[in-house]
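Asker: Top line first, the protein sequences correspond to chains A, B and C.
No gaps in the numbering here: position 36 of the first sequence is 33 in our numbering, and each next residue is one more.
No gaps in the numbering here: position 80 of the second sequence is 77 in our numbering, and each next residue is one more.
If you want our numbering, it's the 1-based position in the third sequence plus 22.
I should point out that these hints are in silico values taken from the structure, not numbers from a laboratory.
Certain hints may be false.
[As the list claims (entries may be wrong)] Each pair of labels, with its calculated beta carbon distance range: (1) Pro26(C) / Ile43(B): 50 to 56 Å; (2) Asn159(B) / Arg40(C): 42 to 48 Å; (3) Ala208(A) / Phe291(B): 53 to 59 Å; (4) Arg40(C) / Pro7(B): 39 to 45 Å.
All C-beta atoms in this analysis are idealised placements derived from N, C-alpha and C, irrespective of residue type, glycine included.
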Amino acid sequence: SCGHIKISPPVVRLGDPVLASCTISPNCSKLDQQPKILWRLQDEPIQPGDRQHHLPDGTQESLITLPHLNYTQAFLFCLVPWDDSFQLLDQAELLAGYPPASPSNLSCLMHLTTNSLVCQWEPGPETHLPTSFVLKGFRSRADCQYQGDTIPDCVPKKRQNNCSIPRKNLLLYQNMVVWVQAKNMLGSSVSPKLCLDPMDVVKLEPPMLQALDIGPDVVSHQPGCLWLSWKPWKPSEFMEQECELRYQPQLKGANWTLVSHLPSSKDQFELCGLHQAPVYTLQMRCIRSSLPGFWSPWSPGLQLRPTM
Amino acid sequence: SCGHIKISPPVVRLGDPVLASCTISPNCSKLDQQPKILWRLQDEPIQPGDRQHHLPDGTQESLITLPHLNYTQAFLFCLVPWDDSFQLLDQAELLAGYPPASPSNLSCLMHLTTNSLVCQWEPGPETHLPTSFVLKGFRSRADCQYQGDTIPDCVPKKRQNNCSIPRKNLLLYQNMVVWVQAKNMLGSSVSPKLCLDPMDVVKLEPPMLQALDIGPDVVSHQPGCLWLSWKPWKPSEFMEQECELRYQPQLKGANWTLVSHLPSSKDQFELCGLHQAPVYTLQMRCIRSSLPGFWSPWSPGLQLRPTM
Amino acid sequence: PSLPLPRSFLLKSLEQVRKIQASGSVLLEQLCATYKLCHPEELVLLGHSLGIPKAPLSGCSSQALQQTQCLSQLHSGLCLYQGLLQALAGISPALAPTLDLLQLDVANFATTIWQQMENLGVAPPVQPTQSAMPAFTSAFQRRAGGVLAISYLQSFLETARLALHHLA
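Next up, chain A with everything else stripped away, as it sits in the complex:
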């Protein structure tokens, strides 16, 4: 075809200059010999180039410098006059944006239901350019200084700032190092490194709390008491856990009372001294005991009526 645009560099930082050249080959028959090469950026008015000259082989070349590219994406056209209009010879796409900042707030949780380690991060300010994020990692030892086998890159789904490392890429009960790499056409950056054992960052769910209906005959009918049982969240049963119970009377502004250091499973638990209201709300949460772990959220509230 007749015209050809070259830009360098094709991607610039927003506001930086762009240098473009449009060449028309001599054998472009339809055109008269010395066509005036013109330019158009997006929908802006048509403008001449900064300089137009002959190349040794007879090619006409026009050069233009766009001092500040303020579009994150724009088309640059090379045209020539034609009757009382213009003819487009070529079109080039200009992209402008920023190199990626370091992803921040990298955190991970081990999901026992899917057996995967899900890490999430904050991507940093908008770069206006297609930017890819990859979660990288390697196996390590206690202090995370040692660099063992690299784990396969975890590529998040489109526009998601989290990634799920499948079980087969995890070595449980050993430390590993993970970080996020961001890359676009203007550069790349990495997040700070995270050193963790997947089993120390388990996403724990609360235990299953249940009311126990104690037959009237069984217990001396002491008022203000209720009985409950609980068992740990099934997928976490293999983990030794310690739990907390909190309860409050259903009264406006009532406070929670906390009972700590409870076992993770209990067939029968008696709670007495509940005289402030007919109905009490109870909740429980657990945490891995004697090894690192996070508290589970509180269980949904259980409304119970103490004995009258």
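Fit chains B and C to the known structure of chain A by using the hints.
Answerer: Below, chains B and C alone, put in the same frame as chain A:
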């Protein structure tokens, strides 16, 4: 290993007999010479075979006939006594069910939004066996007697009795023939054939009905009138359509009044004589005009107040 | 006398034993429900003919607990069972996910033990090589082999659990 079960046939019609043999090779060291071969079907009590004998090569063979297999799926075990218990030598899976009946009520609709022809059918009575359904078809001419190119088989998703033929396999405005084939280990069957042009079975959506607020100055203020406009469902705009309007006063037990042969798009339509109630409900539907097609469903009800 | 074992190693190991035993029971329940193979004791003869081994744990027995030998046998046994579980691949699409998880958990527990042996300076220079694995020639053999191998693994872990408690 020591024992081996053979069944013939491995799949039977429910209630039919099954003949099985279990052979114990002579070199099965652990066993004493003449082990009594026993059988167990699922969890039923252990039973001896019908006949046990030597084969020329020293192999022990036990034969058993299960007169009526009433399980659709069951395991048959071959065992030998061992101390005061038994040892399993082999296990075979028995399957029973029915050959597929002919799929029925095959119907197809052309979806303009996905550009695919979706056909559905009734699979017929339960066969109890893994049964595969495939939607087959070929291109044809006006009378569907001519057999043109075969279109690729359309394999429905698991346990679904519908299949979506993608646009690239459709020749619009030409007749094609489709049918469903069902197959399992006891046989296969085909549905009656359907002759159709995808564009004659378009799933049409109702037009977009809108109230028109006619300024007081514009029209002589005649009571009991209202104005509305409508336009066809966007994806079907290229199809010439004829529409119907129905309206009824919001009164218990009121009847619909029908206005037929309306164009598919109208900028301003006046409806008068509406004195029975302060509010009227209006609905519209359309159908492809002068060419085969189905009525669209009625549009959602539009509540309007005629002029007082 | 051997160096005392760190508390976190013992707690993590006990947790891994419970985790593996939990998956093992799930798999045994699935094998029983799906294939009516509910009694490992009925498969001993088949186990002999298929060559399904029982990993020794003599160094971990309560009567003659010997820490280094126990750790070494624990590691070798876990490697053996990991190999056996790998040989069961293709047991059935429904059981494959649970089997994969079990096999990974066993492999990870073997690493935990090996790391600790290295930390104590009692690890042999090279990890034990994988012994020959039985070849399963039918679906039944794979399922029956699975029931047997997992039930042997469960009792192996029970001995390990008692030993770890003693060592704690």
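Asker: A separate judgement is required for each hint: does it hold in the structure or not?
Answerer: Going down the list of hints, with the structure as the test:
1. Pro26(C) / Ile43(B): 50 to 56 Å: holds, 54 Å
2. Asn159(B) / Arg40(C): 42 to 48 Å: With Cβ atoms ~47 Å apart, the hint holds.
3. Ala208(A) / Phe291(B): 53 to 59 Å: Holds, at about 56 Å.
4. Arg40(C) / Pro7(B): 39 to 45 Å: holds, 41 Å
The structure agrees with every numbered hint stated previously.
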